[in-house]
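Once you have looked at the hints, place chains B, C, D, E and F on chain A.
Chains as they are written, first to last, in the working numbering: chain A, 595 to 910; chain B, 595 to 910; chain C, 595 to 910; chain D, 595 to 910; chain E, 595 to 910; chain F, 595 to 910.
Since the hints were derived computationally from the structure, they do not count as laboratory data.
Keep in mind it's a predicted model, so treat the numbers as computed, not measured.
Treat the hints with caution; some may be incorrect.
Calculated lysine to any residue pairs in the SDA-like style (CA-CA distance at most 25 Å, straight line) [stated by the list, open to error]:
1) E:K861 - F:L699
2) C:K642 - A:D800
3) B:K861 - A:K861
4) D:K802 - B:I815
5) B:K642 - D:L804
6) F:K653 - B:R801
7) D:K802 - B:Q826
8) F:K712 - E:R864
9) D:K653 - F:E825
10) B:K802 - F:E825
11) D:K802 - B:R808
12) A:K861 - D:R770
13) F:K712 - E:L641
14) C:K712 - D:T613
15) B:K861 - F:F649
16) A:K653 - E:K605
17) C:K802 - E:R770
18) F:K653 - B:R770
19) B:K775 - E:R864
20) D:K775 - A:P866
21) C:K802 - C:A887
Heads up, incomplete: computed chain C residues facing chain E, CB under 7 Å, no partners named [stated by the list, open to error]:
22) F634
23) G785
24) D835
25) Q837
26) V842
27) N843
The beta carbon of each residue, even a glycine, is placed where N, CA and C say it ideally should be.
Protein chains: 6
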Amino acid sequence: MPEPLAYLNGKITAISQATLPIFDMAIVAGATVTETTRTFRHQPFRLKEHIDRLFRSLKAVGFELDLTRDSLQELSQEILEHNARLIPAGHDLGLVHFVSAGQNLTYLGIAGQATYRKPTVCVHTFPLPFELWVERLQQGQHLVTPSIRHVPPECLDPKIKNRSRLHWWLADEQARMVDPKAVALLLDQQGNVTETSAANLFIVRDRKLLTPSRGVTLGGISQRVVAELAEQLGLEYEERDLQVYDVVNADEAFTSCTTYCLLPVTKLNRQPIGSGVPGPIFHQLLSAWSQLAGVDLVEQIRRGADERIAEFHANT
Amino acid sequence: MPEPLAYLNGKITAISQATLPIFDMAIVAGATVTETTRTFRHQPFRLKEHIDRLFRSLKAVGFELDLTRDSLQELSQEILEHNARLIPAGHDLGLVHFVSAGQNLTYLGIAGQATYRKPTVCVHTFPLPFELWVERLQQGQHLVTPSIRHVPPECLDPKIKNRSRLHWWLADEQARMVDPKAVALLLDQQGNVTETSAANLFIVRDRKLLTPSRGVTLGGISQRVVAELAEQLGLEYEERDLQVYDVVNADEAFTSCTTYCLLPVTKLNRQPIGSGVPGPIFHQLLSAWSQLAGVDLVEQIRRGADERIAEFHANT
Amino acid sequence: MPEPLAYLNGKITAISQATLPIFDMAIVAGATVTETTRTFRHQPFRLKEHIDRLFRSLKAVGFELDLTRDSLQELSQEILEHNARLIPAGHDLGLVHFVSAGQNLTYLGIAGQATYRKPTVCVHTFPLPFELWVERLQQGQHLVTPSIRHVPPECLDPKIKNRSRLHWWLADEQARMVDPKAVALLLDQQGNVTETSAANLFIVRDRKLLTPSRGVTLGGISQRVVAELAEQLGLEYEERDLQVYDVVNADEAFTSCTTYCLLPVTKLNRQPIGSGVPGPIFHQLLSAWSQLAGVDLVEQIRRGADERIAEFHANT
Amino acid sequence: MPEPLAYLNGKITAISQATLPIFDMAIVAGATVTETTRTFRHQPFRLKEHIDRLFRSLKAVGFELDLTRDSLQELSQEILEHNARLIPAGHDLGLVHFVSAGQNLTYLGIAGQATYRKPTVCVHTFPLPFELWVERLQQGQHLVTPSIRHVPPECLDPKIKNRSRLHWWLADEQARMVDPKAVALLLDQQGNVTETSAANLFIVRDRKLLTPSRGVTLGGISQRVVAELAEQLGLEYEERDLQVYDVVNADEAFTSCTTYCLLPVTKLNRQPIGSGVPGPIFHQLLSAWSQLAGVDLVEQIRRGADERIAEFHANT
Amino acid sequence: MPEPLAYLNGKITAISQATLPIFDMAIVAGATVTETTRTFRHQPFRLKEHIDRLFRSLKAVGFELDLTRDSLQELSQEILEHNARLIPAGHDLGLVHFVSAGQNLTYLGIAGQATYRKPTVCVHTFPLPFELWVERLQQGQHLVTPSIRHVPPECLDPKIKNRSRLHWWLADEQARMVDPKAVALLLDQQGNVTETSAANLFIVRDRKLLTPSRGVTLGGISQRVVAELAEQLGLEYEERDLQVYDVVNADEAFTSCTTYCLLPVTKLNRQPIGSGVPGPIFHQLLSAWSQLAGVDLVEQIRRGADERIAEFHANT
Amino acid sequence: MPEPLAYLNGKITAISQATLPIFDMAIVAGATVTETTRTFRHQPFRLKEHIDRLFRSLKAVGFELDLTRDSLQELSQEILEHNARLIPAGHDLGLVHFVSAGQNLTYLGIAGQATYRKPTVCVHTFPLPFELWVERLQQGQHLVTPSIRHVPPECLDPKIKNRSRLHWWLADEQARMVDPKAVALLLDQQGNVTETSAANLFIVRDRKLLTPSRGVTLGGISQRVVAELAEQLGLEYEERDLQVYDVVNADEAFTSCTTYCLLPVTKLNRQPIGSGVPGPIFHQLLSAWSQLAGVDLVEQIRRGADERIAEFHANT
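If we strip away everything but chain A, and leave its shape as in the complex, we get (with noise of 0.2 Å):
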């Protein structure tokens, strides 16, 4: 059976192969920044856009590639082509970008340093996994503020989009301590709600989108092109610094995220948030994220789902 491809290092390989050494600063410090695209029927969405904030990550960590923004989409482009040719039809990519401060010094010994600014450089896909979202569409998801407060800039800015994220996945498991399917949504240290660890949180008061200042989340991409259906949409949009009282007792919530888009929330910390159910202002945004992207996103995820159970238990 073909497997998929991936890029590492200057080579496409099946990703089967592209594994990193032990020695990699990837895994010895979490050195990395990344981006994750998607696609829509099986082409990307805004990958020069996620390509030049990759950019604004790595001159942001000083990491210098031999690739430019061009090639690297090209080469994204060519990895798309061959692996969406091994999935569905009606299903989509999710598309992975991450570069490392390449190999560690002390490691490999005296040779290493010659190859010690060289970063690693990684592309690959991967199918979207609509069985983990189908269930937050219907019932909208559950956020949980943990005790562990989110990294401040003066620390690690989080517009960098990184992989040292060990205390967003010790967040998590404090959310889950909570409800096995919530979500941590971190605070930062003055109090205000930030993101969770893969999506920007919205909330809408009289048909209003508010959603936290840039200054302690990263500048979502996916968050932008809520703010363009917004405007399109006729509602109101603003950055400001919110509390855990705002979503509380917002009309609605939802979280924005490059693969599923859109999704509800329905609680915080057990409350619900307007009437417990996903709203109208987040289907009003769904249905127009849908028309954008020549998706029916509910359709794709209920359907994406069913097929893809059907299919892992085909194959176990």
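What follows is chains B, C, D, E and F alone, placed relative to chain A:
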């Protein structure tokens, strides 16, 4: 030529075969805890203490290992024994343990659910890089306080020896802006000095050793060795909050680290500390440590560095 | 002589009978949320908005009421109607709602378990204390920044109108050390001005109204009235972080509050603000509010104060 | 049937008559300081120390009492003596003192001015609720760190034993989301563990007792008892900053509290502490305390719980 | 040769005679507020605005001046007129006002009491040092974020233009460790960029000017000029929190300052900003400013620098 | 009449001639470090320790002096010897050293470059102002905690005895709002008490001396004298974090300072400390210090104050 062995997820393999799939949470999120031990005369030093600290880190992050402390110790010994035969008699090894959160669910797809909670476990060694230390041993290290602050305990406790360390990598980059050989000494959010990316700091004032409070640093095992040696030498020892002022005005300063044991610090932010050369207390402690280890550490670093550099040039 | 009525836990009683057992969580832990509304010409002003805000506070603390908003509004009206008959025609009432967490389990013993989750609900009124405002209306208030800081949102969100306010009581005591008539203006932990124990602050600069950001203050309903009046009068209006510097250098300053509506601020920390007397914008806003309310607020405070003082002396 | 007595503002009355008017600052602002003492064999334990601490709280908030320490002690004894007769011989009482800032001026109107500064003073008792402790004694408590932080000393010093505790109530609610029997262990703004809503925390490491620094907790009187017992048992004792890492990696943990004396802690955030059951040092300390008190505390809790539950069922 | 004049405490004297006794609070405590204005073609630019800001600083610190704004403006004009005659026609002057808290009581002894509250007032000029700017104009400035943080508003509001600036001096020293020509860009305690020791920062992103929020910087008068010129040129303008990430990823960056007006920033922490050379928006703004001022600012700096260097060499 | 001498930049001159040009960085930026020593019977007390601390401050700020410690000590002695002859026999002198960053480059123009790095050095004396202390000695000082916070170590370390102290000046102004004789006791950003603008704080609790931690205060030399005297008198001594609660509830409180040695503190924020009068431990320590100094300090202050006031009146 025989290759060093490594342990990875239940198997012992040649180290070059010990690679991680790009879906491992070590790579995806820096969700990894770790330990480094070293040998003296090819015997591990305080291995039990290091394994105990690894298990404390594991408990703090909630990774559940299917190896007992004893079995981990045994297989570490086995790998050490084999790998020690591959290095010159007078050299020694660093022994690394790391455990990640296992594979990433989203990337693996639905099949991942089952294996998600199975951590990745790896044990490997590396020859000690004496050439990195020889100049610092003679002239002392230059520490620089970067503008980046240490991640605070309410985000991720520094006592968890973890690998979400991009902020450390960036901090060292900032230090190298000042001096290519400098090492970052991170401040905490209150302006206290904490630790370097690899070592604990000590200052000497009136024959008293002072080292930063445990709240904001890894509780170092070599730090505890220093405490023991201090007692043996009749030096007072105290953990307390210290600021840059205290370091620049110290009589001496040095760092302790599992691999190199002790290295002097002779400059902070370009200001000489004490007389600007490694001080007498540093030398006393290093001698005492040599005696404890049964290895002349100065001699080993000097000779080891020469031999490694010579071998490197022979090979290129 | 007829007594005002109050509502307490399902019953309407004479206010002097409305007492709480010492095991109530209002007394044991200050675990209470509250609202204050006022009447103009004996009709409640924006009662629905106040009840909505009460329900937002209730949601944020998780107290579950067995009264709907409508029934609470009705019984509030009923009490108001009765009690308004007991005050002079030109006077008005304050209307208070408070809800506590109910009885304390430990004190009640085992039987308490059942009733624990039943909140205590109280509705009562009080005649507006014009005598407290008459001098401040003429000469302006003196605000003082105490050394005590406002409780930060990560501990207890100021948008929850609650009664765990010992720190406010102490802050006002500190203000009174400087001037027995002074009122505390609390700073937040970043040094921004927030609010007084009863009111929102506004400053006027170049005909623009500025008021502290919502993150660190109760979102005042009278603050919103000011915003409406400002729009009506063609004055710009902005919420933003403000510091002491901004207040002492303002053209004018004033506070807004449910009960007294608006009072000028003419001194901060003994420094005169603007010309040191109530300013023209303040007077414009107060006139506009009088019109909105159908009550000459200046006249009411002056005459009301005289009448209340006269009555008091008659009674003693 | 005879009822317990309580003291309220100069009068001794049946406890059911001890109610506060809704204008009391205890209810209006949580402006109250308090103490809890308990009896052993119907005699108060360290009552003088508790009254001294009450007076320290009073001084810190500036409430001026017209009772001396001696007269407060006497009337406490008097109430205790009476109320102790109403409980079974083997049971004991909790004794509560609280003092609020008196009546609210605004609500009382002009006549209030005179009585404003007269604090409300109350003394009452409650039978110790053994049924709340019996299961925790055997299985240990589950502590959970909520996302809510402890109010910092610059807002309200935790050494003032006060009743503006809505944030504690909310924190316990957050803990109960994880486990209905869990109790909140609040972190301070630096991420150190502080205290639970009713007790001081201790951890045991290598036969050494560690308890959080005094800056961020109430200086507990039972905490001091533990210190005395530790000395007697030859255990080291130290106050220092502790983090979650320290607690989950402790050999044992327990809390001390005036009413229950000592209860084990066997889980933090679902992680077992030590062997996951109450430890030997806990048992030693509890035995020592039983001896000091002249009461077998284990026996009393077990039997007392049974008897109270039986009585409760008899009554319903 | 005629000497420039200065005003000091009521007298106009030759500048070399304008010295302060060592008991002045300017020297003893840095208790001084200040302003700097500049001339264009020997006429002061926005002198009234600078004097207004001086009076805002004076109010914020509570120094009471016995000069009106008008008389201070007049004597400033008088000094300017005289001193302008001493410089070449194409050059310009900086005009400095400073006011200290007067003499130190303790040092003066008992007689001091009377004069204590009389502030020291000084007005002087200096020829603009074009030679400091000429290279930076062409190549851009290198900014470095030091580990020292800006003093927060709760200690000393940066909007008070004051001379307690040792921390700035140290911050610039830290910047010079990286590059002898670098200038410090201080972060605040939340990790936002603030200002340099002499200037406000701007970044350009998609033809929009962004500058840090007013809370943590001096509200610059030249910053306001930039806002005016931006409007004139159709560029958006916004004050908001910015981090290092935003600056390194900007299209352009520059600083504004009373004396030099505008200088480009082309590097931050050794990372090039945009294309690494002064950008088109910078040049547009500088041209617009030249037009506003009636002085070709580029030409003036280039020619002025040459002339001053030549004159200096002629004199030595 | 002969005048006291002062040393300024290499020359010894009459103190009235010791003035600084307005371009000195002492005036321009408060970029100055300093020391104050005093004499007992005209001999300097611990002059070497003060000069050592001055050199620690110099090192921390990086000013390079061209005087050795010995030569600075010698010339200090020389000045003291001369100036002591000008005061009454029973009086004593304060000796001040200060070093600024030298002249400001921008103001001096291009010629400044050469002299820029040459610090300004000044040594002078002043007769001790006994009249400022006599009342406080008898009645104790009133300390007030202002809303202004102490500058944190990450901005400017309080252990650097520096003259960028406008925030202290403002803090004292805030204290004087409460009581014209009050002195500010600054809190740090965590709410701990730190120091007054001139002195270290001590509290006495159960015959134990407690003084704030070194991190947030100048490590006082007189503080160390107190430690020595405490040991001599068998009093425990500890440095630790203290809050307002601790001070108002202390048995006694006092401050130590180079010039006056010790003065009692009898009120904090209008609350009496202990019995509200200077306490027995204070008196013991002051007696011990008198013995150490060979001067009856109480007698000297009383008589000295009388004599200075008499002389002042004679002269006016």
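Quiz item: Hint by hint, which ones does the structure fall short of?
Solution: 3, 8, 9, 13, 16, 17, 22
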